[in-house]
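Novice: Chains A and B, in that order, are what the protein sequence lines are. Going letter by letter, the first sequence gives residues 7 to 425 in the working numbering. Going letter by letter, the second sequence gives residues 7 to 425 in the working numbering.
Simulated from the structure, these hints should not be mistaken for lab results. Fair warning: this is a prediction, and the values are worked out from it, not measured in the lab. Treat the hints with caution; some may be incorrect.
[Said to hold, decoys possible] Subject to a maximum C-alpha distance of 20 Å in a straight line, what follows is the list of computed SDA-like cross-link-like pairs (lysine to any residue):
1. B/K118 <-> A/G333
2. B/K22 <-> A/S366
3. B/K40 <-> B/K157
4. B/K40 <-> B/K55
5. A/K96 <-> A/D382
6. A/K109 <-> B/N83
7. A/K98 <-> B/K171
8. A/K117 <-> B/K355
9. A/K40 <-> A/K109
10. B/K358 <-> A/F219
11. A/K358 <-> B/S366
12. A/K55 <-> A/T26
13. A/K118 <-> B/K59
14. A/K96 <-> B/P111
15. B/K225 <-> A/D202
16. A/K117 <-> B/S366
17. B/K18 <-> A/D202
18. B/K118 <-> A/E385
19. A/K109 <-> B/Q361
20. A/K260 <-> A/R76
21. A/K200 <-> B/N223
22. B/K62 <-> B/V74
23. B/K59 <-> B/L181
24. B/K260 <-> B/E320
25. A/K40 <-> A/K157
26. A/K55 <-> A/D202
27. B/K48 <-> B/K18
28. B/K225 <-> A/T26
29. B/K358 <-> A/T26
30. B/K98 <-> A/D202
31. A/K18 <-> B/H400
32. B/K168 <-> B/K358
33. A/K109 <-> A/Y413
34. B/K18 <-> B/K157
35. A/K355 <-> A/D382
36. B/K358 <-> A/A28
37. A/K358 <-> B/N135
38. A/K118 <-> B/F384
Number of protein chains: 2
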Amino acid sequence: MNLSAHILKIAKAARKASYTFALVSSKEKNAALKAMAAALVKNQAYLIKENAKDLKAASGEGYSKALVDRLTLNPKNIKAMADSLVETSKLKDPVGELLETIKRPNGLLIKKVRVPLGVVGIIYESRPNVTSDCAGLCLKSGNAAILKGGKEAIHSNKAIFKILKSVLAKTKIPLDALQLIESTDRQAVHELLKLDQLVDVIVPRGGEELIRFVAANTKIPVVKHFQGICHVYVSKNADLEMASDIVINAKTQKPGVCNAMETLLVDRKVARDFLPSMIVDLQARGCEIRGDEATRALVKGGVNKATEQDWRTEYLDLILSVKVVDGLTEAIEHINTYGSHHSDAIITKNKKEAQAFLDSVDSACVYVNASTRFTDGFEFGFGSEVGISTDKLHVRGPMALEGLTSYKYEVYGSGQIRG
Amino acid sequence: MNLSAHILKIAKAARKASYTFALVSSKEKNAALKAMAAALVKNQAYLIKENAKDLKAASGEGYSKALVDRLTLNPKNIKAMADSLVETSKLKDPVGELLETIKRPNGLLIKKVRVPLGVVGIIYESRPNVTSDCAGLCLKSGNAAILKGGKEAIHSNKAIFKILKSVLAKTKIPLDALQLIESTDRQAVHELLKLDQLVDVIVPRGGEELIRFVAANTKIPVVKHFQGICHVYVSKNADLEMASDIVINAKTQKPGVCNAMETLLVDRKVARDFLPSMIVDLQARGCEIRGDEATRALVKGGVNKATEQDWRTEYLDLILSVKVVDGLTEAIEHINTYGSHHSDAIITKNKKEAQAFLDSVDSACVYVNASTRFTDGFEFGFGSEVGISTDKLHVRGPMALEGLTSYKYEVYGSGQIRG
């Protein structure tokens, strides 16, 4: 069978399974998730053996240590994968939730009921735990899942998939509800992206290049964020010590992720008190600073000049752009103009100012007095996440169980016809 | 200014207005809608005068009577436009609704709050009332609207727009929140569809050709339905008299609309009792019947042969395809295979069977013992609608105020950083 026919077969099987899967009870789904968790732990020697093949190939390719870290399976992170499945089993099942009841004057009773989306395609890169996290969220929400991981993790993903499927075979969940595309040919992704009649949504997880490739090559709705250009604005009403702690956390705790800060905005009224020591502290932590003229005037030396392009750049690295602004309005305008509508914070003790920031910044997650690093399905209490959306339609921010559902209108009549 | 720059200017102005508009209170929005309603009625002589130019042009083009009917403004339908604005003013404002409150162990308080989408583009055909209906729904939900009507209605649309804008000028709603593209050049639509950085969603209202054109030519999310291939399934447990009334209503009351029935499915066990007289009745009402072999065997003569293509056809006319099926499972499979996921009904007295149909038919609106013709924003109690979606993401079924919103997460901290 050629690749095109193979992917079509997988998608058709998933679509067919999705119809009966939508009717499986929460109890049965939760039992399956717990059994999957147990099976991963039980088979950890097998998982580590298969993972070693990926690690060997990676060392041959000379991949970075960060990538090899993300790729590695060990008893600790296999346990974490299992725990995540157990956590997901404990969350409320979104399917069947009654969202609204409408009674019409003609006697029609209309129920708006939450239902699974149907078939969810997830395209991701090197981390093998995504295979079980996403399988767990999709299965809990009654969706058939088509998973396509990165070729670096192919042996690990196949091993995880094999274990999860062996559990599924003993449950009432249709076996075809979980699919893994095992081909490492890039063409396999192209073939999947063509199937807009069979796949309801695609979630690309990975770098901007992968996400742009997926969005540009499919008619299937894509849930995505291209970039995380996150801001912290230090108001003249800020507790400057709190501001300093939050700036350090948002920039340096994990600079390579989408919810890390890329631009610091500071009210001119506190810039002289705040910025010089803040910048020294950041530089001591290895952070390069790119400042506007006002910042450079306040800090003697060591600050590179920020260009217009810096305000639009997601560094994903220990680099920070810094701008001095004339108060709240300019901060909001800067964020709405240059940001990526992901996560932005204000540091202030003034409640009215805080609310104005929350109301006017057009981002998925807006913070008062907290680090932008909390934008994450687990941190929000959603168990895990299939991705983060900076789009405004369907789902915004971390996407988990609720984002994996749609709804339908069930209309109960007694012979009503339209006049 | 060339067309491209002109459309860009309109979209930029709408985007800018959307930021301040999101903060306008319900009271101010409702007062504006009521003032608009009053202004339409007060200026009806002007509206009718401008509409006459469109009617004159239409008669020159030799348009059909149906199109001329849709295009005509008179005191009665001007009053209906005004009433619709007043009705919309009375609906609950979705903006600011607190959808969820999450308290995290670290003390973070997360509020999920409903917000406007931002900038909504609506592309429609000949009916001028869409201009005021959609303006009303967008303004009530805090969205800037960019309206692009058909060239047949250009004078009417400009006149309605002029009246609505003259009212807006006296309110706190930013004037640029309501935009009409006055160019009748098809290229104007192309230019609008390019602006995915400025427009949050496009709703095409019109025939399948328009909708396919829009969906194929933009990166902006499109809320749409291509077709309405709606089914009525008459179960062996049906009240056959009720079934007959619903079949006649769903097929003949207004055959040219998307929620009219196109295919009738009948359980083999009642086909002999039900179909012969049903078909005679439909034929007496001018309806052409295209049946499968079993149907043609039951009804002597007068029934054309249905082909595979008939099951996939939206006739939008007095034509009905008819199929005899072996019970509920085959009916569900037929609908999920050939339907358009719009509106489908079962006629049955058996509650368990009814629920199985509602659960398993993968459509936006599923009915028990009622006509499919009720799928409509007004009939569902939403005041009006900007469109109907058969997609599963964001909005499904009639799209009105709620469908015109997104949400954001407001996160309240006291210095939390991530460990």
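Novice: For which of the previously enumerated hints does the structure constitute a violation, in increasing order of number?
Specialist: Going through the list in order, the structure violates hints 1, 3, 4, 6, 7, 9, 10, 11, 12, 13, 17, 23, 25, 26, 27, 28, 30, 31, 32, 34, 35 and 37 and respects the others.
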